[in-house]
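Visitor: Since the structure of chain Y is already known, use the hints to place chain R with the ligands on it.
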Amino acid sequence: MSTEKLALTTNSGARKPASAGGASTALAADLTRALGPRKVLSNLSERLNYRYDAIQFGATPLAVVLPESTEDVVAAVRAARAAGVPIVGRGAASGLSGGAAPLEPGLVISFTRMTRLSIHPERREATAQAGVVTLAVTEAAKPHGLIYPPDPASFRTSTIGGNLAENAGGPMCFKYGVSGDYVRALEFVDVDGELHRLTRDVFDLAGLLIGSEGTLGLITEATLRLIPPPKFTRTLMAHFPEVGACAEAVSRAIAAGAVPSKLEFMDRACTNAVEDYLHLGLPRDAEAVLLVDTDGEDLDTVQDELRLVEEACVASGGTVRRAATDEEGALLWRARRSVSPALGRIRPQRMNEDIVVPRSALPDVVREIRALGDASPFPVVQFGHIGDGNLHPNILFDPRREDAHAVHDLAHRIALVAIRHGGVLSGEHGIGSMKRDFMRDAVDPETLAALRGVKRALDSSGALNPGKILPAEEVMVDG
Amino acid sequence: MNNEIPVQTLGGQGEVMAHAVDACVHCGFCLPACPTYALLGDEMDSPRGRIVLMKEVLEGGLPLADAAPHLDRCLGCQACVTACPSGVPYGELITAFRGWSEPQRQRSAFDRSKRWAILKALPAPKLFSVAARVGQFAKPLAPVLPAALRGPLDLLPETVPAMQPSPKVTPARGVQRGRVAFLVGCAQQALAPNFNAATLRVLARNGIEVVIPDGQGCCGAAALHTGARDEALKLVRANLDAFHPDDFDAILSNAAGCGAGLKEYPMVLHGEPDEARAKAFAAKVMDISEYLNTLLQHGELEPPVPASRPLTVAYHDACHLAHAQGVRAAPRALLRAIPGVTVLEVPEGDLCCGSAGTYNLEQPELAGQLGARKAKNILSTTPDLIASGNIGCHTQIQSHVRRQGSPTPVLHTIEILDRAYRGEL
Ligand SMILES: Cc1cc2nc3c(=O)[nH]c(=O)nc-3n(C[C@H](O)[C@H](O)[C@H](O)COP(=O)(O)OP(=O)(O)OC[C@H]3O[C@@H](n4cnc5c(N)ncnc54)[C@H](O)[C@@H]3O)c2cc1C
Ligand code: SF4
Ligand code: SF4
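Residue numbers (the numbering used here), protein chains in the order written: chain Y, 1 to 479; chain R, 1001 to 1425.
Just chain Y, same shape as in the assembly (with noise of 0.2 Å):
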């Protein structure tokens, strides 16, 4: 099956790869005799459910590891290397690239149950095994008066794992920086079954391992850095009768000296899926709504930038409300996160981007991405952390009744309009296998080349997580 079908399908057509039966049963063997029968699924009915992402299904993996040490991830990947099949890593499966999504046959590392986690308020970090749940950091570290800023969306569910190998952002990340800025040291298996422990010195090779989507290798523990919280927190609510008038007030803001912890953009169609859940009283008619929060130590000036951006939405044409109680704005907070499942009340499906734009350019691409969605057949909704620049165009659909390329197709446009305007593919999702074959668009050839000698040099075999990221080599043709 072509990757462009596999990644606009959840059915079921890949499940049941033809001949895996016996080489399932082997492997289940292998594994159950280094770690016993509680940690080895090798039912078809378990190895069925870790087949698929948030956003992708792919291949029945021949057997699935629920690690509870390191020492068991590192006797799971040399019983895989000695059977010569893939390995996948898998945290909670929240992704939205595919990356957890198998492409085929293998072992898939589910880190669901490697959940140790310590703190140390007196060196401000945490230890984290891979499959503890990201918010479990920040309510383990606030006793101690710290907290743990990356804030993905998803991160009641998703894993430090998986947020460090997506290298996951968040409303936070606009002032804070994103998950990989918090990483002091990594313990990681290689694809031979060694285990490593990096720090960020001299060569920063833990910084090659966030953000490398499981390609690289497994990452088993991780020393994160925590911060006191800010003291004080305000936050608004605007909106605004037209998209890009929306963004033009984030740079306005921005312009005006305004550095808000937040800022965070939602379309018309989102707000009425989130309203639909929430029953919040969101403004169902405007075009765009943005949150912001400002914070700090110092009241007056936590107030003061408020302040600048109410003033800067205001010129822009929008429409002001500042939450009243703390409450009310961690209401709005909680608006802003069910944004994206709350959009499949639309249709059951979506082709999920992820685009970076530098701010400049911000309001022409809302716009010209807005023209693109009012073109086509399908539902065309926009959120996302608009101060970094951050937007998740959604393509949103009915496999069943619409046309998977039709979507990609669109899907691609879309990307276009980020690159050409100085953009990226990714800010935050990562690559997967969604955005693979848009590679080629945004990164220059030597560049590829580059990150291929990279995981050549990593993951000679090319066992962990195939497919994803890096394009195939195109064969050349001589003449």
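Derived by calculation from the structure, the hints in this document are not laboratory data.
Every value quoted in this text rests on a predicted model; they were computed, and no experiment measured them.
Even glycine gets a Cβ: it sits at the ideal position worked out from N, Cα and C.
There may be inaccurate statements among the hints.
To be verified - Simulated restraints, written as ranges between beta carbons of each label pair:
| hint | chain 1 | residue 1 | chain 2 | residue 2 | range |
| --- | --- | --- | --- | --- | --- |
| 1 | R | 1339 | Y | 278 | 28 to 36 Å |
| 2 | R | 1404 | Y | 231 | 37 to 45 Å |
| 3 | Y | 401 | R | 1197 | 53 to 61 Å |
Guide: This is chain R with the ligands only, laid out in the frame that chain Y set:
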């Protein structure tokens, strides 16, 4: 989620199931809400995983027997429904699926007779009361019995109270403000007759006439959720015949599980001739706390007598109230309406206590772990009283709280209100 469920061959329930599968975008937001995922940490025992398993079985790609162990572990608590932003009606999916799949299940003779006994005893208060008494005698034998039999015995309270028949009509006291029909429930009548007695007293005190219509029976939820669809349909139709929604302001239940069951009637009868009748019926169904809270919100609730000393009440959200019916605020508001009462929130409050209908009987191991976890969480708030609005939670929590050595009383929300009215709080 894209699927090829052969809806044509599955009828009305097929549509219900296919719609739920369709709506799931496999985002995984429901995972942290799921009690079995919290305990087992694997995808098959998560809501998303179960949806995929049901889809595969319905499509014919996976034998039912392979999926069954994971589906059987589902408590039906619907915490995943609350957590799901895409609006997937998981509760309807699993209920319909259980009804569809049960006739195809191969169960051992022992399992079958156990299920038969449960299904016969639950809807028949008298039979249940007798069974419960027999169970009392068996209790000392518990340590030597197999786990499958120990579960049900654990559930029984220390003493089984005598049955108290409820009056057919309870007149309003003072000026009559309303007229409601009341579903008396089944197991509850045998295990906790005071829930109903308190309910009638509180309603009468508030000027509400309460009618207990003849011919009503079990709501059918237990049968439905264990997959005995034919059995359930008989009970559902009997209730549709017994209750005439036009005659009443509301049809009340004081057991969260039963109330949720009554509200499900339109789904059960989807695509069948009785669907319209079921809709009219379900539109009138309310939990007792919802009904009383509307009085409270209109300033019409008879003010309760202040508690004799400051009291803290840990309120436990029954899954079938909070998740299945979306009733969270009303019981808390009623408790807070009693001067002197402070309502405490329980850590991990959204996690099921493990009782969930017949779960204790079918999955004693997991039910026990959840029960212990719930009791620990509740006791961590050091409350004076524990309140909940469901008989199943009540017995489960009481048994685990006692096991952890605490004498804290466990009461129905309405019992606390009743005590306040009688100046006994
Ligand atoms: C509703 C919704 C909202 C989202 N919002 C955001 C957002 O705001 N910001 C954002 O950045 N992302 C967001 N995401 C995407 C997703 O949640 C993130 O990419 C997240 O980091 C994935 O974590 P996970 O544990 O689910 O990883 P998975 O999806 O399981 O895996 C993701 C990738 O990491 C690899 N991987 C997983 N664990 C390991 C490991 N231990 N070692 C090596 N490789 C590993 C996998 O092979 C895969 O390539 C959202 C997703 C959803 C469904
Ligand atoms: S939260 Fe809803 S849409 Fe997401 S996986 Fe769970 S059931 Fe499906
Ligand atoms: S109903 Fe409860 S136990 Fe069942 S899948 Fe949903 S959350 Fe899990």
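Visitor: All the hints need checking, so say for each whether the structure fits it.
Guide: Hints, one by one, checked against the model:
| no. | hint | in the structure |
| --- | --- | --- |
| 1 | R/1339 to Y/278: 28 to 36 Å | holds (33 Å) |
| 2 | R/1404 to Y/231: 37 to 45 Å | holds (40 Å) |
| 3 | Y/401 to R/1197: 53 to 61 Å | holds (57 Å) |
The structure fails none of the hints (numbered hints given earlier).
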